[in-house]
Each structure stands twice: as C-alpha cells, then as structure tokens.
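Trainee: According to my numbering, the sequence shown is numbered sequentially starting from 23.
Simulated from the structure, these hints should not be mistaken for lab results. Possibly wrong hints are sitting among the right ones.
[What the hints assert, rightly or not] If you anchor each label on the Cβ, the simulated ranges turn out as follows:
no., residue 1, residue 2, range
1, GLU89, LEU30, 15 to 25 Å
2, ARG33, ALA62, 14 to 24 Å
3, ASP24, ALA98, 16 to 26 Å
4, GLU40, PRO79, 32 to 42 Å
5, ILE99, LEU30, 37 to 47 Å
Just so we're clear, the structure is a prediction, and the values are computed from it rather than from any experiment. Don't be surprised by glycine CBs; every beta carbon is placed ideally from N, CA and C.
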Amino acid sequence: MDADWILLPLRDAAQTLEELIEDIEDEPEAAHELLEERMATVYARLNYAWNTRDSGPSAIDTVDHDELVGWPRDLAI
Numbered sequence: 023m024d025a026d027w028i029l030l031p032l033r034d035a036a037q038t039l040e041e042l043i044e045d046i047e048d049e050p051e052a053a054h055e056l057l058e059e060r061m062a063t064v065y066a067r068l069n070y071a072w073n074t075r076d077s078g079p080s081a082i083d084t085v086d087h088d089e090l091v092g093w094p095r096d097l098a099i
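With these hints in hand, go ahead and build the complete structure from the sequences.
Mentor: Here you go:
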C-alpha cells in the first residue's frame with residue numbers, strides 16, 4: 023500500500039466530515055437536513071480510500087465508479 027496515496031483520499035474524507043461538523047455546529051437546527059445531504063459523500067470518500075488502497079489512483083481508469091465509492095465488499099462491520 024502506498025501511504026502517500028492513501029493519505030490523499032483520507033484527508034479529503036476528513037475535510038468533508040469536518041465541514042459537515044462545522045456546518046452542524048453553525049446551524050444545529052439544520053442537522054438532519056445537512057446529514058441527509060452530505061453523509062453519503064463522507065462515506066463515498068472513505069470507501070474510495072479503502073477501495074483504492076492497493077491499486078492507487080490508477081483505479082479510477084480501471085474500476086467502475088460505483089465500485090470505487092460503494093461500500094467495500096471485503097470490509098465487514
């Protein structure tokens with residue numbers, strides 16, 4: 023795994039989550055709507071990090087977009 027690569031999408035996901043948190047702090051009455059609007063993006067970015075952890079950025083040219091951002095098949099919760 024290329025740590026330099028994996029840090030890029032993880033930082034992107036972290037920034038997206040931090041922006042969501044800040045917006046909820048600024049507008050707590052809009053928390054429900056903000057979560058509905060943005061939570062899928064947070065997950066998609068985390069999933070992208072996981073799904074490209076071995077292949078790196080070249081995955082965008084070889085793997086279907088839905089598979090890149092979808093819930094990882096090999097990650098059980």
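Trainee: Against each hint, give a clear statement of whether it holds in the structure.
Mentor: Hints, one by one, checked against the model:
In this structure, GLU89 and LEU30 meet the distance hint of 15 to 25 Å, their C-beta atoms being roughly 19 Å apart. Take ARG33 and ALA62: their Cβ atoms lie about 19 Å apart, and the range 14 to 24 Å holds. The hint said 16 to 26 Å for the Cβ distance between ASP24 and ALA98, and at roughly 24 Å that hint holds. At about 23 Å, the beta-carbon gap between GLU40 and PRO79 misses the expected band of 32 to 42 Å.
Judged by the Cβ atoms, the range 37 to 47 Å given for ILE99 and LEU30 is violated: they are separated by roughly 24 Å.
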